[in-house]
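**Student:** In case you want the letters, here they are:
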Amino acid sequence: MQSASKKSMVLAKNTEFSDVKKKSIFTIMKEQWLLIAMALPFMAWIFLFQYVPIWGWTMAFQNWRPRTGFFEQQWAGFEHFRVLFGHQQFWNAFRNTLGMGVLGLVAGFFATIGFALLINEIRFTRFKKIVQSISYLPHFVSWVIVANLVTTLLAPSGIINEMIRGMGGDTVNFMQEHDMFWGIVTMSEVWKSTGWGAIIYLAAMAGIDPGLYEAAEVDGANRWRKIWHITLPGIRPTIIVLLIMSVGNVVNIGFERQMLLGSPATRSVAHVLDWYALDFGINMLRFSYGTAVGIFRSVISITLVVIVNFIAKKSGESGIM
Amino acid sequence: MKTTKKRMFTALCGLGMAASILAACGNETSEPAGTGNGDTGGAADATPAPELTGSRIVPEGETLTLRFYNADGAMNPATGQSVVMEEITRRTGIELEVITPMAGHDETTDVPLFISQGNVPDLIFANTATGMLIEHNAIIDLEPFIMSEAGADIRALYGPMLGRLRHSSEDPRIFHAGTTFVDYERLTTSGTAQVQMSVMRYAGFPEISTLDELEELIANYMESHPEINGQPTIGLTLIGSNWRWGITVGNPSKFTSGVTDDGGWAVDETGAATLNWLRPEAREHMRWLNRMNDRGLLDEEWLTQTEDQYFEKIATGRALAVMDQNWSIGSSQAALRDAGLRDGGESHWRMMMPVPVMLEADMVPQVTRPTGWRSMTGVAVSATSEHQEEALRFLNWMASEEAQILMNWGIEGVHYFYDENGVRTFYPEMAEIRDTDNETWQRVFGIGNYVHPFPQLGNTTLDSTGNPITPNTRENHMRTLTDAQRETLAAYGVETFIDLFPSFPPGSEIPHGEAWTIDHGQGTEFDILMSTINPFAEEQVSQMIMVSPDEFDALWDNFVATLLDMGAERAGELKTEYVRDRLNLWSQN
Chain D
1 MQSASKKSMV
11 LAKNTEFSDV
21 KKKSIFTIMK
31 EQWLLIAMAL
41 PFMAWIFLFQ
51 YVPIWGWTMA
61 FQNWRPRTGF
71 FEQQWAGFEH
81 FRVLFGHQQF
91 WNAFRNTLGM
101 GVLGLVAGFF
111 ATIGFALLIN
121 EIRFTRFKKI
131 VQSISYLPHF
141 VSWVIVANLV
151 TTLLAPSGII
161 NEMIRGMGGD
171 TVNFMQEHDM
181 FWGIVTMSEV
191 WKSTGWGAII
201 YLAAMAGIDP
211 GLYEAAEVDG
221 ANRWRKIWHI
231 TLPGIRPTII
241 VLLIMSVGNV
251 VNIGFERQML
261 LGSPATRSVA
271 HVLDWYALDF
281 GINMLRFSYG
291 TAVGIFRSVI
301 SITLVVIVNF
311 IAKKSGESGI
321 M
Chain V
1 MKTTKKRMFT
11 ALCGLGMAAS
21 ILAACGNETS
31 EPAGTGNGDT
41 GGAADATPAP
51 ELTGSRIVPE
61 GETLTLRFYN
71 ADGAMNPATG
81 QSVVMEEITR
91 RTGIELEVIT
101 PMAGHDETTD
111 VPLFISQGNV
121 PDLIFANTAT
131 GMLIEHNAII
141 DLEPFIMSEA
151 GADIRALYGP
161 MLGRLRHSSE
171 DPRIFHAGTT
181 FVDYERLTTS
191 GTAQVQMSVM
201 RYAGFPEIST
211 LDELEELIAN
221 YMESHPEING
231 QPTIGLTLIG
241 SNWRWGITVG
251 NPSKFTSGVT
261 DDGGWAVDET
271 GAATLNWLRP
281 EAREHMRWLN
291 RMNDRGLLDE
301 EWLTQTEDQY
311 FEKIATGRAL
321 AVMDQNWSIG
331 SSQAALRDAG
341 LRDGGESHWR
351 MMMPVPVMLE
361 ADMVPQVTRP
371 TGWRSMTGVA
381 VSATSEHQEE
391 ALRFLNWMAS
401 EEAQILMNWG
411 IEGVHYFYDE
421 NGVRTFYPEM
431 AEIRDTDNET
441 WQRVFGIGNY
451 VHPFPQLGNT
461 TLDSTGNPIT
471 PNTRENHMRT
481 LTDAQRETLA
491 AYGVETFIDL
501 FPSFPPGSEI
511 PHGEAWTIDH
521 GQGTEFDILM
531 STINPFAEEQ
541 VSQMIMVSPD
551 EFDALWDNFV
561 ATLLDMGAER
571 AGELKTEYVR
581 DRLNLWSQN
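Protein chains in written order, with this note's numbering: chain D, 1 to 321; chain V, 1 to 589.
The following block holds chain V by itself, in its conformation from the complex (with noise of 0.2 Å):
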């Protein structure tokens, strides 16, 4: 026994001594071997690299696995296999473990968990994260590849924007290559008012462009329509349960007085940033929302209930208007489109459409503005990986165009394929799955499933056989509209619903992009002092939509007096430094 024990002992000594002196020959032998990889820092080759084809990233045969952390996965499921995953692995020999947050947990709980264990994944999209990651050294500067020959296809990708990559004036790294789409026509707009259109066309398509025009809409539809499908109808419906309270309560009260979506924030063209509690319009708003409640018009339960409750309210068509973001009530309208096939169409008018309405009459929405290329979040790379070298060049894959084409397309003469005038069509079958069977697109072929969080090119993109790069044009959006939504449009005499809204022209782009992308660092003054705000602003706003009109007036002068004791004004001091450490950042560049 004794002796067995001792041997294997030895045996291991002896192998682990054994591996270390073949890591210490490998470093020393593995120059670069004219592959063009450039200089990536310490990714240690045993063997020197062999001669790389095509998209290959490790030699013919050879599969790689690296592991991918996706901070939106739970929302945008890039996991699992694919024909597309599939089809990336064959074509460049990566294969990508996907970790996706589990349920009731995010990248804010993730990453710190990655950093204490040293465990960061090999390529990793922390999104509001990032910050972190970067604070703790956990990812590497991607410029020095993006820069050498091997990162051709991201600096093609980013183009001039190249330099909205940098983190901050004071540490002008680039962590992440990223997410945002480069050269993107908006084709809707989102988070400001959606109404049903049935309780437009109950109105005969007026032009409205008030909250209370908006309320008295609902109002009468209510009155007229007590019940939906058996059961009550519901006026406008938001939730204030999680984190979605900014998303349907607070970021509307800056978007109906005309301010852009600055997070807590209305940023001025000189980058001076006022927390929005401290705004007279933002009083107004939540003047009408303690309205809406006194008139029974907004959800009882808007405060306190789930998301599944929230969600089922709208696809029965129960709610008639939202305040929310095209992204959070997705699933809910395509539930909707889903059973308009079933029923005739008659579902397709409980579908939202998006209205311009305002506090005032005059102002001016500025959702369809836009707001120039920034870069927010992305893919970085862990310094710790062992296989850097690998991730960076699959990067760097992923931003070329026939990555590009794969993911947005699918695969040539499977999914797609060339017509006579040389137009990139998708076979008649695979287009009819693409607007039925949202299920197989995504899951099953993972068509559009992989374009984020990596870089991408928008919609306006055309590649070298002059085809756009994403099938999501205007011509296709227009094209998948439903009857509703055609007689709806038509109505009012225009293409698409983003129409109702101005058109901004070229140059009056906002000069700071979206200041709730900026990155303020964990457990900073600002941080500390708004994990403070945000949360008592919150309780307190919501209490005041909640009580009889006549009480709203005291309670917001207290509510705002408070505020200034909790330091709003030094909050929005340190908010104008960030804002105008970007203007700063974007001048150079």
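Here chain D stands alone, though its shape is the one from the complex (with noise of 0.2 Å):
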């Protein structure tokens, strides 16, 4: 039944494909007027919410004062990406973006994938769906919470020590140590994310043609087989695509995290792109040196994303561009 479907769906695409060559562009949007009438407020909202604001940069580019007409304000040139680039605090806070966000990327992959592939194993239908509900609820809970959470559980006085404590180990004070911090926050995003992020690739793997999976059982093919032969294909488009956007993201980890677990004790290591434009740019109400800092992100972004989809590309995926 799935598998007829999937095949009239290729041929669809097909005739489709070979109309486009004789239609006009006039007559196939006439055609698919709806469509497109559907897809305008989606292309108005990306329009107005993602492109309008990239007017902003021009504040990079001036001594930008509030209130004042663009008209009036004076013009700077690139001289706050010349104070930027010489700061040696921002590139303090851009390679613990970078290392707390590839962090997060690898383990979150892996994590993501391992807990999609076991929770699809399992049989008894409702044991599924109550393990996977209670997985994807740390999602809704604030960072502010899972940040009180982890300091209270990794505290001298939490259970995680009292642990090591029952088991003859020394007392380890976590926060406090820098060569944790980024294991810790990366540790406690999985935790919160986890769940949630898995449930795309269920749905990915709910679309695998279960005749694949009776065959493979008729050859005699056990469980892990069937996993590494049959559901990791049938995934990987799914997987290309989420890859190269969190790549896109690596940058963007925000900081609320940092923020919440770190302390004065772990600065160098917490201080991340976002907190630091917060702290050199809005707070000392430069406003055009923090928007000079956002834009070295976003084009450090893009960067990234066009050179995995290229990566992807070549070695046959689609890509998303």
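Not close to chain V: a few residues of chain D, all C-beta gaps over 10 Å, as computed:
hint, residue
1, 28
2, 82
3, 121
4, 123
5, 137
6, 193
7, 316
8, 317
Non-contacting residues of chain V with respect to chain D, defined by C-beta distances greater than 12 Å in every case (computed):
hint, residue
9, 326
10, 333
11, 560
With the Cβ distance kept under 7 Å, some of the chain V side facing chain D (calculated, not the full set):
hint, residue
12, 112
13, 116
14, 118
15, 241
16, 245
17, 535
18, 542
Note that these hints are calculated values from the structure, not bench results. Ideal Cβ placement from N, Cα and C applies to all residues, glycine included.
Hints are included, so try docking the two chains, each in its own frame, into the full complex.
**Tutor:** In structure tokens, the structure reads:
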């Protein structure tokens, strides 16, 4: 049943493709006006909220002052970028952002896919649903609460240290160790977002033709074989698309986690780009400087996405661009 | 459909035009109507001001809501309605819509938003962010109003100190009505080492003067009392997980070597400023903390605990000593005071008392040294407010004797009365509430709740009836002491705890006041330098407290060298300029 519908979809796609070449663009638009009309609000939304704000980038090249008209602003050229690239704190923040971003990406990638595979293997439907529901609940818990939980758990008087002492170890003051900070941030993010992130993979897995599993079973494949040869290849396009998108977000990691989990003791490993923009930009009323940080971050994001997309295409995947 | 829309549009246009014409007319006709409001610039009243009577700021029967931002609102809940606030509205016609920082925010995050939105509240107490408002011309110069007839009460309140409200010698305008007490006798010390009275009692009330002696007291007590109320005893607790780092770790390292409260700086009589971390005394203080940590006398969670955990340790009496300000541990102390009423006074012994301990016995504590009056921060008036006139007059009214008595004592016949000798006294049942039920007193009555951050008279001021303007006098302070405190004080042969500290003769005021109250501007060279140096220093010093004692010296040498690389000396030069500018400004007034 499912395979049949898939086949017809492929056929439909092919015929449509051949139609495109014949018909003029206006004819197509006329034919698909309803679809276009449905897409319009979202196009407008993207334009309004994602593209129009780019105009604000002009701030980075001015000495912007609030409540002053655009033409009365004083232009500064690349001065803010010059100061930015000469500031050691900035490079430190950049390093921390990349570090935690990459760790989060890698850990999140394996944790979500692994978790989705595990859930997918559960045959008892009701249990599966309960586990899945519970697993994505942390997604709705605010970072303030998560940070408090983590701090309490890892405190010298917390349960983890009780266990360590119970096993004869020495108290570890996790929250003040420089070497552990990135790990703690990454682990708490994994805890919070794994269940939620797994949903999309589970959806992709549900779309895999059961006939393939049945055929594999007939051929004597065990569960590992089925996961390796059927499930994973089945969700490969999803994995690639999500990976490309999350690579773009490696430098977009925000600062709540770092701010809430960090303290004066771990500042040099916790200070990330957004936090830097807050400290040395907005809080000093240097709005232009803060914008320059934002532009730098966006440029890095776009570059990363383009690179990963290129690699994906080269290796035979479809990519997103 | 179309016609309706068109009609509506026309109607709206018409309304808009009418309004603008009316406004224009209003401006032309609103010549000063003999109310003596002075020139305040651009408050647009559409109608000529009718005669105002008594304390009214708007005509009888009307109320005007002014937006008031209170940066300290979260700490000192001057929010919501209360008996006193209703009385203020009844007398003046002004209602305050109080805006306070949301959780996790403070004035340094709120004020930039106000500025960028062009939406600065009518009255604004921006505390440390006042400089931002000045820089962006978001608040007005108060001097023309203060010097006018209508500003008489503000002039009277500040008296000869008026000149110290000036911003700087370069920009001598007055931007805020300083909230520091005028005429004030210090009743308590704050910010230095404080230790549980039970620790002192256990040791037989010794007179101690050094950190080493304090250390031994704590060690002895911990040894004989490993648990308090079933939980492990904690020696000294500090809190280094947020901005309180500076209050509990940074500042005490200056106080214990006889340096006045100048923020992260040690400032001498000539105004020359040195970064605290470059002083050998700061190093010795941190070496002491390092040893405390090594001996297990320092709370092992001091660096990472949350505020809740910290306050809980003090409120349950588990922590034997702190180094903190009274306003910080006040709620924990109040909890112990309440608990003591229920357990026969045992918890009262767990309350903290200040001890004058220094690095060396011959160093002199400066905490009791008079700072001289300095305006610090206060309420300012928005430059974009539509009600500047009313805001200014309200500010003036808050400085009047009538308002000061109302805010400090409540309402005559309800909260207080004058006895046969003319002494202002709280009714006994009110005095009872005042001593035992802070919630009702502050939130329901609102007494004492609106004094800060408005202009305020101090506890040595007498009003026109010869009564103290605030009930918080030395007599009152001594009246509220617990039995435990009385017993301790008697053992030391003094009246109050402040008597344990040296008293300074008149004229020994610190010439520059307190250097931390100087505004350095945002995004200035100094600001950027310090935003880099401070977090670095906090992190490094924290780590050095936790290392093993034999690593301490090498790390500290390295730390000082890095600070110098980062421009600590340049920052010192800039700070010196700021301090000397203030000395210069104050010598002119």
